[in-house]
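Asks: Chains as they are written, first to last, in our numbering: chain C, 1 to 170; chain A, 1 to 264.
Hint data in this document are derived by calculation from the structure and do not stem from the laboratory. Hints are all accurate, no fakes.
Rough simulated footprint, nothing fancy, chain C against chain A, three-plus residues with beta-carbon under 8 Å:
| id | segment |
| --- | --- |
| 1 | 28-35 |
| 2 | 73-82 |
| 3 | 215-223 |
No farther apart than 20 Å at their CA atoms in a straight line, the calculated lysine to any residue pairs in the SDA-like style are these:
| id | chain 1 | residue 1 | chain 2 | residue 2 |
| --- | --- | --- | --- | --- |
| 4 | A | K92 | A | P148 |
| 5 | A | K192 | C | N134 |
| 6 | A | K249 | C | V169 |
| 7 | A | K192 | C | D73 |
| 8 | A | K192 | A | P148 |
| 9 | A | K192 | C | D75 |
| 10 | A | K192 | C | V170 |
| 11 | A | K192 | C | Y72 |
| 12 | A | K249 | C | V170 |
| 13 | A | K249 | C | G74 |
| 14 | A | K192 | C | V169 |
Restraint ranges, calculated between C-beta atoms of paired labels, are given here:
| id | chain 1 | residue 1 | chain 2 | residue 2 | range |
| --- | --- | --- | --- | --- | --- |
| 15 | A | G252 | C | N99 | 53 to 59 Å |
| 16 | C | T144 | A | P84 | 35 to 41 Å |
| 17 | C | S124 | A | T47 | 27 to 33 Å |
Don't be surprised by glycine CBs; every beta carbon is placed ideally from N, CA and C.
What follows is each chain in one-letter form.
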Amino acid sequence: MRKIDSGICLTILVAATLMGTGSAQVTGTTQVAAQFPQYISVTAPAGITDWVLNVGANSYPGSRTATIASNYDGDVAMRVRDARTGFVAPMVAGRMTSNTAPAAANYQLENPLQVGAATIASLSGTAATIHTLNAPGRDQPAVTFDQQVTYTDYAADYYMTITFIGTVVV
Amino acid sequence: MKSRLSISACLLLLVILAMEPASGITVSGIALVTDVSPGEQIVYNMTATADDVSEPVDVTAHITAFTHNLIGERVPIPDNETAPYTARDFLKVTPERATIEPGGEVVFVLEGIVPEDVGDGLRYALVRISTVPSGNETIEFASEVDVPVFLTIAGSEIISRGEISDLNVSEGDDEGLVVTFLFTNTGNHYCKAEGTAVLKDDEGNVIDEGSHPSGSSVLPSTTRQCVFELAKEVDLAPGTYTVEATVAKTDGTVLDTEVTTVEI
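Hey, can you work out the whole structure from these sequences and the hints?
Replies: Rendered as structure tokens:
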């Protein structure tokens, strides 16, 4: 019986010694480094195909949202502008035309398309701020579309392409 | 029950088909604001990815000169026109057009060499990275990230100065006063600034004051308009009032001050 007890004690002693040696071998520190570069993410609303205009004020009845996100430390502006080029006078940017390519259009609405979020912009070839993200963060502002139609506007299918821009305010 | 489920599924499919997918873009490398020396080579990477799409997305990149309008929004300057303080002329971005495959990315590289005779102060430009719209919808959208490039010429003479002009005071609709003035950056560098207007009576007592932060920086050779509505709900007694207009940098450095009087 005593022999057995001595054997058990010896086994425990050896095991404890080995465990202690093992612990010393795995102790240490590992440095982890990672980069999170500055970014801007901007997502334009889904396209519109179902807007029927009448004489007078028209507000697009559907709902549209845009998304802007950034990890920048400061203001990030969401801006809009007419994406198209190639206007032939008297046609100008910001007004819907009867062809997707302005140079091939017969007609243009008299009034510019209004695009709004926190503020409303009359669309033109120059980008205008409609929302400002206090970054870092992510905003999804609702976007409104309003179009004034006059009695002298021609009947046609009208088109517009709008660029939604995200940019830091330097 | 089965047919109801089928009808619901069909309606859902129709709704999904009617909603064209939104186009999104993410760019890392969103502003190049740094000091550079004449002769120095510039290389700046801008990595673009498309958001949540299963189709390839065409993307363009273009560098443009720009200025600011009176409210501080960027106005591009056509490529065939000269532009003061522009960095456009010694920079290029490649590729000019690329396709982002689903789950992939495209690296646009801005590069160039700062001319030895670049001059003093600031040189700036804008890189536009934009998705290409499909051209199939009544009103359709593109997504774009604009990357400002602000290069300060190291070792050059940096001039920070400005001038207030056209200081006007008129009566507003709500019995108050409307104060307007223009501020022009006559230096060769950019700064964020704040305009203030202080209304005082003939004894020097402050009746009202307002401030107008510039928001975006005031670029050299550009003019910003400041508008204030003062004493909106104050019944001003007849007399002589002074309006003191000041524009200062965000560190408090006063760039210019103008004073005018108004008779009520």
